[in-house]
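Enquirer: Listed here are the chains, written in short residue letters.
Number of protein chains: 2
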Amino acid sequence: MRYSRSFIPTLKHAPADVETPSHQLLLRAGLIRPLARGLYDLLPLGLRVQRKIERIVRDELDRVGALEVLLPVVQPAELWRESQRWDIYTGEGLLATLCDRSGREFCLGPTHEEVVTDLVRRDVRSYRDVPLVLYQIQTKFRDEIRPRFGLLRTREFTMMDAYSFDRSFEDAQAAYQRMYDAYVRIFRRCGLACRPVEASSGAMGGKLSHEFQVLAATGENAIASCDDCGYAANVERAAIGERSPRQSPHTTDDPSAAPIEMVATPGMHSIAEVTAFLQVPARSLIKTLIYETDDRPLAVLVRGDHAVNEEKLALASGAAWARLADAERVQHLIGAPVGFAGPIGLRDLMLVADRALREPAAFVTGANIADTHYRNVRLDRDVHIDHWADVRNAENGDACPHCATGTLLITRGIEVGHVFFLGERYSGPMHATILDETGQEVRLQMGCYGIGIGRTLAAAIEQHHDAAGIRWPMAIAPFQVEVLSLSQVDPAVVETAEHLYDALLGAGLEVLYDDRDERAGVKRNDADLIGIPYQVVVGGRSLQSGQVELKRRRDGSVERLELAAAPAQVAARVQADLAEP
Amino acid sequence: MRYSRSFIPTLKHAPADVETPSHQLLLRAGLIRPLARGLYDLLPLGLRVQRKIERIVRDELDRVGALEVLLPVVQPAELWRESQRWDIYTGEGLLATLCDRSGREFCLGPTHEEVVTDLVRRDVRSYRDVPLVLYQIQTKFRDEIRPRFGLLRTREFTMMDAYSFDRSFEDAQAAYQRMYDAYVRIFRRCGLACRPVEASSGAMGGKLSHEFQVLAATGENAIASCDDCGYAANVERAAIGERSPRQSPHTTDDPSAAPIEMVATPGMHSIAEVTAFLQVPARSLIKTLIYETDDRPLAVLVRGDHAVNEEKLALASGAAWARLADAERVQHLIGAPVGFAGPIGLRDLMLVADRALREPAAFVTGANIADTHYRNVRLDRDVHIDHWADVRNAENGDACPHCATGTLLITRGIEVGHVFFLGERYSGPMHATILDETGQEVRLQMGCYGIGIGRTLAAAIEQHHDAAGIRWPMAIAPFQVEVLSLSQVDPAVVETAEHLYDALLGAGLEVLYDDRDERAGVKRNDADLIGIPYQVVVGGRSLQSGQVELKRRRDGSVERLELAAAPAQVAARVQADLAEP
Chain G
540 MRYSRSFIPT
550 LKHAPADVET
560 PSHQLLLRAG
570 LIRPLARGLY
580 DLLPLGLRVQ
590 RKIERIVRDE
600 LDRVGALEVL
610 LPVVQPAELW
620 RESQRWDIYT
630 GEGLLATLCD
640 RSGREFCLGP
650 THEEVVTDLV
660 RRDVRSYRDV
670 PLVLYQIQTK
680 FRDEIRPRFG
690 LLRTREFTMM
700 DAYSFDRSFE
710 DAQAAYQRMY
720 DAYVRIFRRC
730 GLACRPVEAS
740 SGAMGGKLSH
750 EFQVLAATGE
760 NAIASCDDCG
770 YAANVERAAI
780 GERSPRQSPH
790 TTDDPSAAPI
800 EMVATPGMHS
810 IAEVTAFLQV
820 PARSLIKTLI
830 YETDDRPLAV
840 LVRGDHAVNE
850 EKLALASGAA
860 WARLADAERV
870 QHLIGAPVGF
880 AGPIGLRDLM
890 LVADRALREP
900 AAFVTGANIA
910 DTHYRNVRLD
920 RDVHIDHWAD
930 VRNAENGDAC
940 PHCATGTLLI
950 TRGIEVGHVF
960 FLGERYSGPM
970 HATILDETGQ
980 EVRLQMGCYG
990 IGIGRTLAAA
1000 IEQHHDAAGI
1010 RWPMAIAPFQ
1020 VEVLSLSQVD
1030 PAVVETAEHL
1040 YDALLGAGLE
1050 VLYDDRDERA
1060 GVKRNDADLI
1070 GIPYQVVVGG
1080 RSLQSGQVEL
1090 KRRRDGSVER
1100 LELAAAPAQV
1110 AARVQADLAE
1120 P
Chain W
540 MRYSRSFIPT
550 LKHAPADVET
560 PSHQLLLRAG
570 LIRPLARGLY
580 DLLPLGLRVQ
590 RKIERIVRDE
600 LDRVGALEVL
610 LPVVQPAELW
620 RESQRWDIYT
630 GEGLLATLCD
640 RSGREFCLGP
650 THEEVVTDLV
660 RRDVRSYRDV
670 PLVLYQIQTK
680 FRDEIRPRFG
690 LLRTREFTMM
700 DAYSFDRSFE
710 DAQAAYQRMY
720 DAYVRIFRRC
730 GLACRPVEAS
740 SGAMGGKLSH
750 EFQVLAATGE
760 NAIASCDDCG
770 YAANVERAAI
780 GERSPRQSPH
790 TTDDPSAAPI
800 EMVATPGMHS
810 IAEVTAFLQV
820 PARSLIKTLI
830 YETDDRPLAV
840 LVRGDHAVNE
850 EKLALASGAA
860 WARLADAERV
870 QHLIGAPVGF
880 AGPIGLRDLM
890 LVADRALREP
900 AAFVTGANIA
910 DTHYRNVRLD
920 RDVHIDHWAD
930 VRNAENGDAC
940 PHCATGTLLI
950 TRGIEVGHVF
960 FLGERYSGPM
970 HATILDETGQ
980 EVRLQMGCYG
990 IGIGRTLAAA
1000 IEQHHDAAGI
1010 RWPMAIAPFQ
1020 VEVLSLSQVD
1030 PAVVETAEHL
1040 YDALLGAGLE
1050 VLYDDRDERA
1060 GVKRNDADLI
1070 GIPYQVVVGG
1080 RSLQSGQVEL
1090 KRRRDGSVER
1100 LELAAAPAQV
1110 AARVQADLAE
1120 P
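Protein chains in written order, with our numbering: chain G, 540 to 1120; chain W, 540 to 1120.
So here's chain G without its partners, still in its complex pose:
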């Protein structure tokens, strides 16, 4: 492709309000343009990358026997009512809805469980028709509250979504594993460092799920992973091992000593206020929080520097859900305002304490009296805990729950893929069944699987860039080689560049040829910005000694190649990079 005949509108600077590296570089390198909030035009260079990612996805899914289909973007509301998602999704405002000319309700599909289950229940009837995995790569829409970070969180996006149908739990688990393995290969082939982590399943409703996280310092998600055994989970989901954490909360020299002491803490509601006032670290405080559950209210104790995990709390207390009680309710239950709750003197509330508090240590706690705290509270001496459990988010340094030796490290990632086991979540209410060998009706066991194509593109940039621009992994680079002619005036330079362009194309490479009438500096800067893996630079000086410059964008290394041998050598390097992962 000749640059002069392409459409790659690069920018010197990104708009001031654009902060994320991938968002900046997508705009600056001319891959996207904004149309409206959370809606982007994908320009030729961006689309080329997207298509390459799609091709890898298709290739790996076809390999595991998944079949590609294309389902409508616009879906009838009736199906969503059947699965009981209509009210939930419209209530959250995530669903874009519309009425057709006859007044029937439709939505723009954020996912396609209903549509695909409807298809399968009509046309799949026998045990001989499964296992079946259907997938599509298609436009989705979610009316996000805060679309941001460019392609990382848009409202309209291209997504691969797949759905598996099996006759038994065991078969469904096997399908899940095949898709999981395909995902590992997909992201590896894309040239991305990606980690599958155990994930909470949110509104999708399932028991088993993994997120695929591309590791990047700028990632939105916190991942807890073991430095020893490889266990990894979303911090919201990560279990914490029972071994003591490395950092002990001890605050007194002799933990058995001092008696409880009441201190006045006027108007100090927050951990920060209390710790600053009492001159103790947050980890020496106990946070006592009052929760409502579907069963009964309860008080949960966690260390001052820890965060309660509501999902774990609900699980530990045998409830379906748990949420913070409001101020009025707290006042009613403990007789004191929010901020002054403590474990001592609480009546009629079940006490759940986080296991990190199971230490012979003295803590500061609220006193259940306005403007008052206690010092030197020891849970083993002064309080009866009804239930010890893991009820908080994992932190750096926590013990791994899976191995005896490992420690959890918190890293950041960008979720690019998701695999869910759904079971009968949709096949149940929508009556999707097959007949087994004996003529018995069996409910289909489902799984669903998604990969954000645009997100993967953006995540690749987050992981692979430097101050000058993008550094594309070879497998998803928009072109493999860029030829730069440093002069459009010097006939020897132009002729050589034209010749090299033809020769590299002839070698089967994907080549961008910067033939614009621009200064050498502009071309070099744009080449670094766009980030094609190899730059073949044709300039006056090296050309006089019959050579061209080969720059590898990944590490900035530069070497000189003899003109005649250059095409074959560049082709060999591209092949080597493609074979790499």
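Please keep in mind that the hints were generated in silico from the structure rather than gathered at the bench.
Any given hint could turn out to be false.
Same chains, same names: a pair is fine if it fits in one copy or spans any two.
Below, a list of computed lysine to aspartate or glutamate pairs in the EDC-like style, where the Cα atoms sit at most 16 Å apart [said to hold, decoys possible]:
hint : residue 1 : residue 2
1    : Lys551    : Glu1057
2    : Lys551    : Asp662
3    : Lys551    : Asp1067
4    : Lys591    : Glu1049
5    : Lys679    : Asp639
Using the hints provided, position chain W relative to the given structure of chain G.
Expert: This is chain W only, laid out in the frame that chain G set:
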């Protein structure tokens, strides 16, 4: 692909209310399933065909330098207000509209003129940036009043839409011609007999446009084409030559004779009623119709067997538009009810007559009196015609407007593509300009271009099918070869079929292998229904003589191939078919 692991749910019969051949066969061969009115699931076999068509489209567009982009489906209303299309399109009810969570209005794009013009006006600034053609292959939505005929008229559909930007009218015409030529190659490569015809441009607003019509007896559109010079146009657009039509309207032996005679025609409003009552053919009547225009009302005369063309009428009378007056207005203007208008005694109405009436012949006309007609009216003797013009739709046998000798024939077609010259229709109101060499601001001259991908798929079936099923052209067939094993019990048959499947795959062919545990008859019927171009049939009898059967779906011809030579011979036939057009 093994049939047993694919998802090709064939049906013995299409639902009773499905009438069009392509709709029936798309359902029966398992290519599509309905989701809701005008919304279809595209199943694996259907998607394979769609992808092949898309690949040919991309290939030819890339060849003429068009650049692929991907623009959002969801578009902000503001842009449509800027181009002044919002009110028109929402008024017609064709636009699906929605509000986001903040109450801003959006639509689902039926086309993308506004979005692409908005992109270009921001990022294309210089004469050096054009010519530019941007295209996409993407999901569109039109809320059709009557979606029908399966993929021929849906509400959601996959479309290639392209937009050209040029600095001058001449350059824009050249871009138009390049796209036109690319279209000719695209449909030829798809294996379709397709005719570009001059077209009226409807609501898109442009001066020059062509439709690409796939010829098929079941087509919705009537095309007038010259049997001599190749001129072709939509009947609504086709001009009619000035030579006399072949069939003369004469009704009397001596056209100069009889005087006007009044006849009672009680309650006879329609041509059919009057001709039956008076025992004359429709072509001996003059239809007198009263039209409103933006200028003034007028009466138009056409032969009883002809149809007024409102676009031609408006053009001929110098008006922007013309539409039939309602009954009350007719009564007011002529003093008689609808059905009894005639040219004699009309005052204050301009009389426009179709040129086909310029004959020394006697006609029956209305008398402008209720329940009354005249016989023996001669326009050259009895009436003053203000304006003779071509104001009707072309008919079989009309003279060609372009050559001296040809005659127009009416054939039927399916519109699969469209090219429009837009000029400044969008660049004007949306202020899309570039600077020329002298720093002068110049408005971009635009063209727009569409191909219905799903329509092309369906049109291919309309043109290529027989009673047993589809007969795919090789270039867009979902697979090139199908292997049928007539027994899944006989180990020799199974083994040979498996071996052939592998060998044909090894020869680089796209192979469907029917390995299902089904009767031979079922497999043969399904193979004819699905319509893969070649069937390699492995059965007990021929196998005993070391042979397999090769059936060519296109003509039903069958030959025997020696087993060992079969793969190479089949590959050679596929290659020959691919090279054909």
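Enquirer: Where does the structure disagree with the numbered hints, that is, which hint numbers, in rising order?
Expert: Those not satisfied: there are none.
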